[in-house]
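J.: Chains A and B, in that order, are what the protein sequence lines are. Take 10 as the starting number for the first sequence in the numbering used here and just add one per residue. Take 14 as the starting number for the second sequence in the numbering used here and just add one per residue.
FYI, nobody ran anything at the bench for these hints, they're computed from the structure. Treat each hint with caution, since some may be false.
Claimed, not checked - Listed next, the stretches of chain B that the computed footprint assigns to chain A, with coverage defined by at least 3 CB atoms under 8 Å from CB atoms of chain A:
| # | stretch |
| --- | --- |
| 1 | 659-669 |
| 2 | 672-679 |
As the list claims (entries may be wrong) - Pairwise CB distance ranges (calculated):
| # | chain 1 | residue 1 | chain 2 | residue 2 | range |
| --- | --- | --- | --- | --- | --- |
| 3 | B | Val647 | A | Ala93 | 49 to 55 Å |
| 4 | B | Arg173 | A | Gly82 | 55 to 61 Å |
| 5 | B | Gly278 | A | Val188 | 52 to 58 Å |
| 6 | A | Glu68 | B | Leu683 | 38 to 44 Å |
| 7 | B | Trp283 | A | Leu104 | 56 to 62 Å |
| 8 | A | Val188 | B | Gly669 | 28 to 34 Å |
| 9 | B | Leu683 | A | Val62 | 37 to 43 Å |
| 10 | A | Arg36 | B | Val647 | 31 to 37 Å |
| 11 | A | Thr182 | B | Leu176 | 46 to 52 Å |
Just so it is clear, the structure is predicted and the values come from calculations on it, not from any experiment. Backbone N, C-alpha and C fix where the C-beta goes; we use that ideal spot for every residue, glycine too.
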Amino acid sequence: MSEGLYVPLLDLGCGAFLLAGVLVLWRRDLMAIVGLFALQGMALAAVVVLLGVHQADAELIAVGVGVGVLRAGLLPYLMRRALAASGEGRETQPLVNVATSLLVAAALAMLAYAVAQPLIRLSPTPATQAVPVALTVLLVGFFVLVTRRRALSQVVGFLLIDNAITATAFLTTSGVPLVVELGVSLDVLLAALVLQVLTTRMRAAFGGTDLDELRELHD
Amino acid sequence: MSLVGWLFAAALALCALAAIGGLVWPRSWVAGAGTVAAGLAAATAGVASVVGSRWSAWLPDVLPLAGVRLSIDPLAGLFMAVTGGVSVCVAVYGIGYARTPGHRLDSRGVQAAVPLFVGAMVLVPAAASVSTLLLAWELMALTSLLLVLAEHRRRAEVGRAGLWYAVMTHLGFAAILAGLALFAAGAAGESFDQLRAAELPPGLRNAVFVVTLAGFTSKAGIVPLHVWLPRAHPEAPSHVSALMSAAMVNMGCYGIVRVGLDLLGGGPAWWWLVVLAAGALSALYGILQAVVTSDLKRLLAYSTTENMGLVLVGVGAAGFFAASRAPALAGLALTAALLHVVNHAGFKTLLFLAAGSVLRATGARDLDALGGLRARMPHTTVLFAIGALCASALPPGNAFVSEWLLLQSLIRVSPLSGVAGAVTMPLAVAVIALSAGLAVATFVKAFGVGFLARPRGVGAERATESPPSMLAGMGLAAVACLALAVVPALALPAVGSAAAVAFPQTPPGLVSGAVTLALAGVRGVLSPLLIAGSLVVALVAVLGTVRLLAARRARRVARLWDCGAGPMSARMEYTATSFAEPLQRVFDDVLAPETDVDVTPARESAYLVERVAFHARVPDRVERRLYAPLLAAVDGVGRSVRGLANGSVHRYLAYGFYALIGMLVVLAVLR
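For reference, chain B alone in the conformation it holds in the complex (with noise of 0.2 Å):
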């Protein structure tokens, strides 16, 4: 057994061994030291092999009839290490997270399902056969359905995001089962290599394709499938959020590289546009959800949504790449969709880990009851700030550089690939510049609003810093995401080698550079370091004018002018839901928000005005139009064949009787 097996065997011993010792010692740091050693070494071996050091095993007695099949690949690799990553930060901060008084996370069975969820992820990778992908997909949904129901004992939404996040798993597994069966039965075996030596004819292959795609896409939270997610991640602990948004919904978009380009070897190009075109719908959808939302965990699972949609948008233009012959920009492509899972992977689990952190000091999410953090949790402030920076893709945060990869491998296409091409294409560019444009706004809100300025509630008022176990987790996390936007290079090596595993064909060295990077066959440089370097000292230098000028002034205090309405209170500062109101405007025939003035007039005169009460909202328009509908004609059946059980024994015993009768008619009437 090469390291690589070493490893990757002793992450899953170490999960097994932190979910018993969370079973028989329900203490936080014994689940929780277990699952940084999974972690880690899950994340070592997830490196080892993306390095070159490749494992397989064949173990025909672990589970009757299939046998358990396991192969790490650089891909596989790239996914372990980045769900070992995320393990480990989630695991730090879970420690002191868990002791939160009145939530109750440190009960017996959180404590182990968080390892064995771990456990479940890292072994979803690296399944080797439709079996095993399948047992290890299910342990990671029902691990992660008792999490997020962790709280339901407290607030009755939990048991509804419960229930949405079931069925839609459910369904999703469903749908990838159905799929891998039929990929499986046209194969000559269920075994990963037999799926790709296999010669399937091209309905068939479009079948599996579509019906995969449709499974995988509700993990990873694309739209129309997506309703789960801003449920769901918002009720779960937060750091279970984190561990979902960070780590889980990643396992769509490997399902979609593995099974799309590695086992079919990719396909016509209207597969990849359908990927395209569902992964720039996510991208707008998503952060315009997210933009307008004020909920801080709804707007971070929005902001989920809009990045796996970006992974898409790469992945779509990788596969229709490689349908048309541009082997290079098919390899840019795909490179830069797997560093944006990478750097995603960074910041969500940081912006999931702050809010968690301000969650547990104010109780509450809604931004509008928030503000004023920053001088009672500053390491917190600081933090979510470095998370929020690299989540709105600017300089020098790391989404910036994975989606600059991107627009140039989208820009790049040449105008003789065909009509498809050219117009998909700058189409594609123009979503990202738009959901980059927007992801400015969401996450200036959500710093701005939430962290700034003066606190508009009671819990924010009393808000203090959270223990040192909590910021270590997301300081973690944070170092993770500076070094990646700093030093890129340390990451892209890794991202490439896992693409090649999809396009082996793919020149290597599509990307080089230790400091500047430089992509091979196209002309395009960036240099991430001497962007955040040259931004440092213009601040520095701007900083230091502003107060070498102002210390030349005589200070001067005074009350602030108020236009003679008195003293400013909290309640007259922007709230999350005034910040986002022209953007809303803008957005209005998309978002279809719902405002309602209630104005209550005095008794004695219609002029003179009471109460003025004003409820606005922005429904998901995708759930409100698609599933209450759908939902609504379920429960109709439903209704409708009450009457077919009215009680009586007889008419049950009847219903048995007519069928076999009727079934016995037809047999004796055909044969």
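Chain A with its partners taken away, still in its complex shape (with noise of 0.2 Å):
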């Protein structure tokens, strides 16, 4: 693949996966927020499919395939499942409202971008350039998990902190170890599973997934 094609291509696929991360903080309908997460899966598999091309490594490309399946494909559709299971719809009131919300991401992109300097001159590469995208994906995941009240999105904030990380691992490194990305996909999808036990136990016993409603527990 030719360099003048490859640039752009990758940056694409990064700002999609960008795009989608911010995105998640503006629509408050929970399945509309699992669409935009497989969407960003799609747009994390494209890149890393991506940069297989690019090094013309075939275990790479598998791995970029592997990647999107889960995290394009079973993550969202065991969510799709959780949610119409539970008929919750819509994240009711987050702590932080979609504007501020918005902006908060726009000065964690920022942070993001300051952070990641020094990690850039190691390597000015096309992929390293991008790592500052990675990274405003983990630290908005994290600003979800902190501000959405559904259980849901909080599956949908870890899940994207782990996005990001799997992100910056392929964007740094010219591809992690097989051995590796499958541990680590798996670690995913046990938690995620755990997760939705975790969800429908809640469910079960409180009526509702809004983790507010948690507080009483503490001693």
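Quick one: dock chain against chain with the hints and give me the complex.
T.: Set out below in structure tokens:
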């Protein structure tokens, strides 16, 4: 693949990745959030495949396809199923409203850009220059965890962080070993399953998944 | 592998076997027999290494990263021999004691923990690298903590005592860890040979010494780090108290001698003046608390603080003399200190075991509820009397010999050696003299009130003599005490060669003579055997004369004059509280006792009294003034930050988020 095509495609993939992450803050419809997460998974998979094609590394392409199947297929499917079972459609009243959240996301993006500079200086390739994008998504995911009430939003926040970590790993190194990626993906899948079980239990016990209703549980 | 190595390995292997035996088959004689054999092996290994055969080993594969480095020199051998000897007595005693009905000391856990504790204590002096020492030290702390908690189901105080002990011993461990890590970082490596060869800057040396001193003194029960001792010793089973008080606390002194004198090679005079001052303070404070307490085991625990204080006076004086270039005096002071370690181990084993025997028979530790045990427990009474005589530093007891040696080294200080020595040493002499006097009062009280006269409590009335194995364990300790008292020359060469490890330049044969001890370089002669002999002769003569004179007169049996108040009851006897009352009055300002008289008048008249209640207690003043505010402050901080955790998951997540963002911002700004 020529360098002229590689860099715009990589930037496009990373842009989609970032946009999907930020839009999670904007939408309050839980089904739409899951859709955005699936979109981000696809963008991540595309970036990995693109890296694999650029380096002519078949194993990396295979890993990229696997990442796509897990993050754009399996995890969104699990979440949709959980959502359908719960019947809760919307994120009620986030702790920080949508407009402020988007402004915060902009601030986080600037912070990530500033922090990533030393990393970029180590090896200024096009892939490494996209690292601030991944860091931004990481911070946005953390922000979702802090401000969103529904258990499903929490799961999405957690998975955003994980997507961002995976993206950072692929962008900074020229491919993670297959075993490591498999292990990480399996961990994520298990964590998602556990969180789903917990969500179901929470609903059975408290009739809702608003985390702030758990406050009474502390000692 | 030399004889010492084989014996040492055998001791550790026997400890492990005994622990497994105790787990698999919890009969008290299984673990007991194993521990006796292990103790014998350890004692023999110690004696053999003191006599002159050294042993060292480097086992790189036993532990990951650091390996295990062992070495037994005479100093280590002395402490190993003491531990072994104490273990033998305690294990023999424990066979009978563990079967005490209702105490549940023959459970698997206790049976397995005792040999492990002994093994750890044998391992500590043999360690020859920082990591090995710390590992053995922690093993010793953990196994002893388990044993302290052995009876936690029966009494709630056991749990609190265990908590105090756990916190203090781990703070001490952290201090030792920090000090030795600092030392090893400054030296080329962590083995003791590398530490000895290290050339550290003076500031670092001072830091290492002060920090490790804090850690080791907390193990030795030195004021103000003694607070765990009067709690843990009374609440632990008595044979465990004996092991802890006679063997484990010694390791604190071992650590100070090993690190301060051997590894750091001595230091400036102020180090040792600090050690001496801490020792003197502990000696006085310990014996003052002991003389006013009426709990028998608490009394013995405070007496441990006193004796460890005396040992530190000797160690501090030795370091001070070495710093002021008086090697003969330094050797003499260290010999006296180490001899006192041996002697204290002997009589404290005996006393704690005897206290356990009393506790088993009567169920009471309170001296005010005892009395009249002479007729009911004659053997225990005699054995406790021997221990009390030895502990009160009177001839012909064994503590007398070591305290005499210590005094000899202190009073020989040359006035030309500087103002510090000329001022400090006479003060130290005064402290030792005062503590010896108070020790006599303490043990007269313990023996007289506890064993003589008539029983004051139901438990004491129903007391019966202990089983033979317990008496045998106490008997062994008593024989060792008497042998040390009458022929100290048995132990002196060993102690001298152990002291020579710390001071290689010391001229040999500082204290010589088999029957009469003569000091080299200074004029001073003591013959314990002759003193004991003449005391026996004098006693026999006096008793014979009295008997002869009494037999001449006709005996008349009559009722005791009771001032017309009716028959005298046991409640009119002297109690421990009343015996100590004059001393409590004299030392009122130091002890700050709390007394509370509660008078309830009759309903009709203010002049007719229905009931008078009197409460007196002597709180540990160091604890009250130093620890209570500290604990209250920590508690307050804990309470005030409780508002941070209100149960909201989002809040907890936000803390993490803010911390991360804050760190990133700092990073972005600084880079």
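J.: For every hint, state whether the structure bears it out.
T.: Right, here's what the structure says about each hint:
| no. | hint | result |
| --- | --- | --- |
| 1 | 659-669 | holds (count 8) |
| 2 | 672-679 | holds (count 4) |
| 3 | Val647(B) with Ala93(A): 49 to 55 Å | holds, 52 Å |
| 4 | Arg173(B) with Gly82(A): 55 to 61 Å | holds, 59 Å |
| 5 | Gly278(B) with Val188(A): 52 to 58 Å | holds, 54 Å |
| 6 | Glu68(A) with Leu683(B): 38 to 44 Å | holds, 39 Å |
| 7 | Trp283(B) with Leu104(A): 56 to 62 Å | holds, 60 Å |
| 8 | Val188(A) with Gly669(B): 28 to 34 Å | holds, 29 Å |
| 9 | Leu683(B) with Val62(A): 37 to 43 Å | holds, 39 Å |
| 10 | Arg36(A) with Val647(B): 31 to 37 Å | violated, 48 Å |
| 11 | Thr182(A) with Leu176(B): 46 to 52 Å | holds, 50 Å |
The structure fails hint 10 only (numbered hints given earlier).
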